[in-house]
Amino acid sequence: MKAHIGLTGLAVMGQNLVLNMERNGYTVAVHNRTTQTMRDFVAAHRGKNLIACETLADFVAALERPRKLMIMVKAGAPVDAVIDQLTPLLDPGDLIIDGGNSFFPDTERRSKALEAKGLRFIGTGISGGEEGALNGPSIMPGGQPEAYELVKAIFTAISAKVDGDPCVTYIGPRGAGHYVKMVHNGIEYGDMQLIAEAYDILRRALQLTNAELADIFAEWNRGELQSYLIEITSHIFTKLDEDTGQPLVDLILDEAQQKGTGKWTGQNALDIGIPIPTINAAVESRNISAMKAERVAASRILPGPQAAFQGKRAELINAVRDALYLAKICSYAQGMALLRAASHEYDYHLQNGEIAAIWRGGCIIRAQFLNRIREAYHRNPDLPNLLLDEGFRADAANRHNALRTVVTTAAQLGIPCLAMASALSYYDAYRTARLPANLTQAQRDYFGAHTFQRIDKEGTFHAQWY
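Numbering (the working numbering), first residue to last: 1 to 466.
A portion of the hints provided could be inaccurate.
Here are the computed lysine to any residue pairs in the SDA-like style, where the Cα-Cα straight-line distance is at most 25 Å [claimed, not checked]:
| id | residue 1 | residue 2 |
| --- | --- | --- |
| 1 | K457 | S425 |
| 2 | K259 | D243 |
| 3 | K161 | E22 |
| 4 | K152 | A61 |
| 5 | K292 | A314 |
| 6 | K263 | A293 |
Calculated from the structure, these hints are not laboratory results.
From just these sequences and the hints, can you work out the full model?
Following this line, the structure appears as structure tokens:
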């Protein structure tokens, strides 16, 4: 018996993907660098259509041709190491799939190198965490179109489904799949930080209890903010610590960790000249959260406002809801604009509407909101920015004052809101016909003779400023 597909790298994500494939009717060859891990996994799932492989040679030999094998190991050097070990064992036309969170330039390099050897390669983003891997993730494959055809049926079968539609589509050539996953994660950073700031403002301005916060977020999840992240946030507030009986969220150290994909998104946006201030603010917020000792020391000596919130409780709660929604629109607008620019920069031919569609299920940012993004790009596939869509333009008109109120309130109370404030500034900058960059250009020309253009004449100019 030969396996339809193989997977090496049996950490939790890898194991759950194997079980998902097997449940959907595929025989899977399994391998792991630590052989005992593979043996334990197979022993724990006796009776399933799994082929245990103790060596990479056994692994390759267990696969039907053309061979299809998936790598689920840590991004970076480990991926290269596995590819280097596999390549001599494969024949032209065989397919290697990297399903980890690889940096897209690495995927570009690997794709070109393997194609030169006659091998096919897919770099695919997989979102949804452990639960998604087992029960249906969002899958973002990039590579040769013919490579995708080899695994299209498998990926379609194991993906999440929304209204019967699979949350997988061919993204584009070479590193396109991992690029889209990178931007997905950047948007995820923005979503999480905006939700955290909404929580912080409500908690500190209104002294709400965790039970009250749970009810508020549960209510928000029944409306336009409906999403996986809002849903789990409402659940988090209800969890009590088994040892102390206190709300668990209050006992968690306020240092947010990160794996680097948000940083990669910001770095690439700078490279291709697309502003994503809300996503960057989310990364920076995690960075400043890591400065715990410094923050504690600074809290004892740096002054701040002593004011208390004087307004109506219900009005602030509603304003925070509307502010969160508009800030979310701005954050997604930044991410989708980055995808649009990258599509041209790297010749990826990305379809933003289809990308929004496959994000509706399985992935961490899945939300009702993504239906509206898909519809916006169906109305205008060349939409430069979500804020220009007629539906989102109306949302902004109805909510920008709420965002101003919330950011102002936070500033008056000394509550940091880097992401919300950046979303408001992005919105105002994008809608401003004349920005103060004229002064910036004058300064550049003054100290460095960098020249400038004029609004009343054609050409490039330099002034004698002194």
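Okay, the hints, checked on the actual structure:
1. K457 <-> S425: Cα-Cα ~30 Å, so violated.
2. K259 <-> D243: violated, 30 Å
3. K161 <-> E22: At roughly 18 Å apart (the allowed maximum being 25 Å), E22 and K161 satisfy the hint.
4. K152 <-> A61: holds, 22 Å
5. K292 <-> A314: The given pair, whose Cα atoms are some 33 Å apart, is violated under the 25 Å limit.
6. K263 <-> A293: Cα-Cα ~23 Å, so holds.
The structure is inconsistent with the numbered hints 1, 2, 5, although it conforms to all the rest.
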